[in-house]
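There are 4 protein chains.
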Amino acid sequence: MRKDATAAEIQGVMAAIDARGYKGHPIPGAQRTAIGITGNKGAVEAPAFESLPGVLEVIPVSHAYKLVSREVKAEDSVVSIGRDVKVGAGALVIVAGPCAVESLEQTLTVARAVKKAGAHLLRGGAFKPRTSPYSFQGLGEEGLKILAAAREETGLPVVTEAVDIEGLDLVEHYADVIQIGARNMQNFSLLRRAGRAKKPVVLKRGMSATLEEFLMSAEYILSEGNYDVILCERGVRTFSDFSRNTLDLAVVPAVKKISHLPIFVDPSHGTGRRDKVAPLSRAAVAVGADGLMVEVHHDPDRALSDGPQSITPAMFAELVGDLRQIAPVIGRSL
Amino acid sequence: MRKDATAAEIQGVMAAIDARGYKGHPIPGAQRTAIGITGNKGAVEAPAFESLPGVLEVIPVSHAYKLVSREVKAEDSVVSIGRDVKVGAGALVIVAGPCAVESLEQTLTVARAVKKAGAHLLRGGAFKPRTSPYSFQGLGEEGLKILAAAREETGLPVVTEAVDIEGLDLVEHYADVIQIGARNMQNFSLLRRAGRAKKPVVLKRGMSATLEEFLMSAEYILSEGNYDVILCERGVRTFSDFSRNTLDLAVVPAVKKISHLPIFVDPSHGTGRRDKVAPLSRAAVAVGADGLMVEVHHDPDRALSDGPQSITPAMFAELVGDLRQIAPVIGRSL
Amino acid sequence: MRKDATAAEIQGVMAAIDARGYKGHPIPGAQRTAIGITGNKGAVEAPAFESLPGVLEVIPVSHAYKLVSREVKAEDSVVSIGRDVKVGAGALVIVAGPCAVESLEQTLTVARAVKKAGAHLLRGGAFKPRTSPYSFQGLGEEGLKILAAAREETGLPVVTEAVDIEGLDLVEHYADVIQIGARNMQNFSLLRRAGRAKKPVVLKRGMSATLEEFLMSAEYILSEGNYDVILCERGVRTFSDFSRNTLDLAVVPAVKKISHLPIFVDPSHGTGRRDKVAPLSRAAVAVGADGLMVEVHHDPDRALSDGPQSITPAMFAELVGDLRQIAPVIGRSL
Amino acid sequence: MRKDATAAEIQGVMAAIDARGYKGHPIPGAQRTAIGITGNKGAVEAPAFESLPGVLEVIPVSHAYKLVSREVKAEDSVVSIGRDVKVGAGALVIVAGPCAVESLEQTLTVARAVKKAGAHLLRGGAFKPRTSPYSFQGLGEEGLKILAAAREETGLPVVTEAVDIEGLDLVEHYADVIQIGARNMQNFSLLRRAGRAKKPVVLKRGMSATLEEFLMSAEYILSEGNYDVILCERGVRTFSDFSRNTLDLAVVPAVKKISHLPIFVDPSHGTGRRDKVAPLSRAAVAVGADGLMVEVHHDPDRALSDGPQSITPAMFAELVGDLRQIAPVIGRSL
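Chains as they are written, first to last, in this note's numbering: chain H, 171 to 504; chain R, 171 to 504; chain Y, 171 to 504; chain B, 171 to 504.
The reader is advised that the hints may include incorrect statements.
Since the list gives no way to pick out one identical chain from another, each pair is judged satisfied if it fits inside one copy or across any two copies.
Said to hold, decoys possible - Listed next, the in silico DSSO-like pairs over lysine-lysine satisfying Cα-Cα at most 27 Å (straight line):
1. Lys173 <-> Lys236
2. Lys173 <-> Lys286
3. Lys173 <-> Lys243
4. Lys369 <-> Lys426
5. Lys427 <-> Lys173
6. Lys427 <-> Lys243
7. Lys193 <-> Lys173
8. Lys286 <-> Lys193
It should be emphasised that the hints constitute simulated quantities derived from the structure, not laboratory data.
Make the full structure from the sequences, and use the hints.
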């Protein structure tokens, strides 16, 4: 309340709180009276009270997320993929592959290479969200079949993105992990559908998502019954102009403190520059990520999509070698 | 190219340009040699070249948007809504109504009030994208029927949001204008569907969308054949903490310079604060917006959604009075 | 406190609060116990408590600013400049002139033109903060003498920037208003010196300053005894790429709500583009600014500094004509 | 140029280029004619040309920095501090100490602890830039004498911040390295003075500084003759709300690519949270930083400044242990 708030104004606020079925707790202080609100489900819509006479400001002190919170589940969640991969169980999980599935040959070439270098999961886009309607949009179901064939040969479970509900039906059928991209982090219909899927979900952080928004989008998926959610930091949008996005690595310890869900980091989209992928990958492991998503292409300069941020199989193999030395420092095996 | 780039390196870059079917133009300069690229459709993927030996940096100088550009259509586009409303033809268009459709009575009460005060279109959400799965999500088709009933009585054409493809089918059926919200600005499947709709579309700018991304999302709609697109600035996400978003009014003259499409401003979402809606509405008209989208509720403190940013019918009527005086200064009628 | 916080943990927090000489107020709630803190001067350093066992998070509810606050002084402050100009008294105040003082002739030419068009104050930089050490840095004291001569002839009081303490001594001697630029908003030694000056101060908002930081920098000046402070919004840095900065006009009503200090808007630096200066100037007046700072140059394309954002005397005269029609709408004379 | 640019308009632009003493190179393309500009010292002021008829847009392709660039000096610079410390020579350099010097006893306690744990330099603030004029501002010269005494006993060279020119005289006298803080990154008078100092300088990145602005501020120092400059990333300001700033680690490889100067990372200010300092310190070393600046306090909860982001000597010792294992992975000794 304002310093000069009258008893009547304080009563008015208390009444407004009651009217919402909350409970108000006045705290007389040296400078002013504060009023605590309890009994609210989720966050109070602060401004609703700010417009009342005598009110200086309103500050929410509780959060809307429940199922994703450590207050509901204290121990780390472990997400199982395929027969052998466990995310969040201590072993570092590396997802690698081309940005887009271009052909069976290209996908097999990259899949064999990343498998050989130590990747645990194969990534590759069959449905590509592109800024321009005139850019390559992916091979669709044909691409999913190619990914399945690559899994057949290499044994690597497949992670691929779904950009709409009908696409999600197909991805759920062909792939092992359903990816929800940054642009769809608040596509709530898609999140609900993913929450009804029988496969694990990788949820990428939106370009300007706060931690609460990120966790609430995961909450949408859990609230529909799918608890196998892996978060993924892929860079946020800032004024900073030397990388395509600004990789916000502090989100990893921030998520670990609040939520039991595992979190990956995608340094390929997070930087958008081939020469920054390895340094930021090392940083992501050192900061405590449960896994990495890295774009690898055997001929990046000819890639149909995001070639500039893809690294070569040779660079990837060298990177994995570095990660094998860093992982144990934070108690992870690789 | 770098100052120390060798002739061989320059040849290498020229070759890479040819390999893509582009044309390279070397420009020997005092400090270094620059190489111009032409013949490319849309933007060159800069980093693809940056990784070549001898290259200092690559700067795209052309854009991917075509149909939305004044280079394709020099004169302002005019979007017709219902029988009488023309957006972009010089008359300021005011869209007003509740954030969410809560009931027939509430919607009619607000619709009558805004009609009386001078609004041209009725807005109201039947499908609400909410950060939390536990928040009110809208009345769905029932809400669309209420909006149609309100149009029946008041004669105000209806603008309402579609959050997914099946919802868009319904919105196209019941409403006069289909709104694509900020969170779906890059939901490309939804944009494509909107591009096949027979109704005009209001496309809201994403929270962290650049001007190019904003225009490219409009390009998705136009490229499917729907040329009746109205852009809408509703605030971007920044560090600035005293309003829910930062209303980026400079986008209005920026859009006018590049594109022929009309643009609205939504000061309700753009500020998130009732006491800032009127000042920023005046500013939006003064900066040259073709119209405003304003949230009005007869009892904002009891609104089921975004009440804090809704103004009362009385505040709205006063605002319209102010706008009637400002509009003529920039050659608009109201 | 966390839901699972023990009585002992709550006692521990209460003890930590006492140890700081504050007063703790436990508020048992349905979900958790909250603890209100009072008796603190200025903001509590939240994280100090967050690291205590059982604590979920800490939210500051009071602010450090005092003298700039309406809680200390409810009515608007009026800053007098020269004999006739009053800022914050209802009349719109227009500051115009070249970005940099280049010569007596250039300054007189522009000064006469802006005086004729209706400007109340003359602006012009003698000390220029430039990103590059190789750019024109201003004429220094010679420039101040030219500004004084221009005042002599036109009668327009002079506003000019001081970038360091010795420069401020000179600016205080020659000019009528001391400007502190955005880059120096948190140059606290300079703010302190300005607080001891006998002339009014225009304090520009830093490129990434929050409202609290902006007001606290003004508090530095007031706390030294100089109450004649005018705030100035000049755009903040965001990802938005079509203007040099993002003009954050919502700061005007935000400042008016919290502080009694008048506030200007600088659309020239706020946009960095000539073609956006007039639209954003109109918007700034419509949103409720007490005045404008506009860069005008008789030959912008040959200006030694920021020519691209300077408008011509003819454009300025036309703009003032528009502002004369908008100002009355919000109860300002011009 | 615009697609519809006339030959006359192209000539006009060529003339404007000549008028500036630059050289224009027209490149006729499929869609439009582009004009390359060479012969310019530093960046062309793009907008000056954008306002000419027929011009679509102007894109600078050269940068203003010279002395800091690898184009001027290809090999990494090594900055020598005291007798033994070499920054940029391959060995990881750790700077540790309290945020503020509070007393001789406190400083000695922390200095002994960090020395024992493996720190190479002692940090501590005698002049503190604080947002509020009512916060502890540091002990001034008394603090510098305490730091000198701590160096006397521990042999650790001292790094401390100067916030104004007279303070810099004192810091240069008492300390081994002069720190320029983020708030003063564009305090050009202070940078010039630092450029004339006989001691190395640590220059912290401003809260919203682009890479070019950061390097240009270093250029100010080098251009005055002081080549011993160490850059330092300490977090930038974004919408991201779970850490005080967003640590932008990609700046490390970005700086390494363009400049020969060494770069530190400050995870204490970069996160503002004790529990994030260790993870981001590990990440900073993994990404390739030449050194770290870490705040350590033996009793953080009683620290007079920034206690919440300070770690304890025990946490610091454990962190150094981790860093000893990570450093070799990127070829650094520790």
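Hints, one by one, checked against the model:
no., hint, result
1, Lys173 <-> Lys236, "between (35 Å within a copy, 12 Å between copies)"
2, Lys173 <-> Lys286, "neither (68 Å within a copy, 40 Å between copies)"
3, Lys173 <-> Lys243, "between (41 Å within a copy, 12 Å between copies)"
4, Lys369 <-> Lys426, "within (23 Å within a copy, 42 Å between copies)"
5, Lys427 <-> Lys173, "between (36 Å within a copy, 15 Å between copies)"
6, Lys427 <-> Lys243, "within (12 Å within a copy, 43 Å between copies)"
7, Lys193 <-> Lys173, "both (22 Å within a copy, 17 Å between copies)"
8, Lys286 <-> Lys193, "neither (61 Å within a copy, 39 Å between copies)"
Checked against the numbered hints given earlier, this structure breaks hints 2 and 8; the rest are met.
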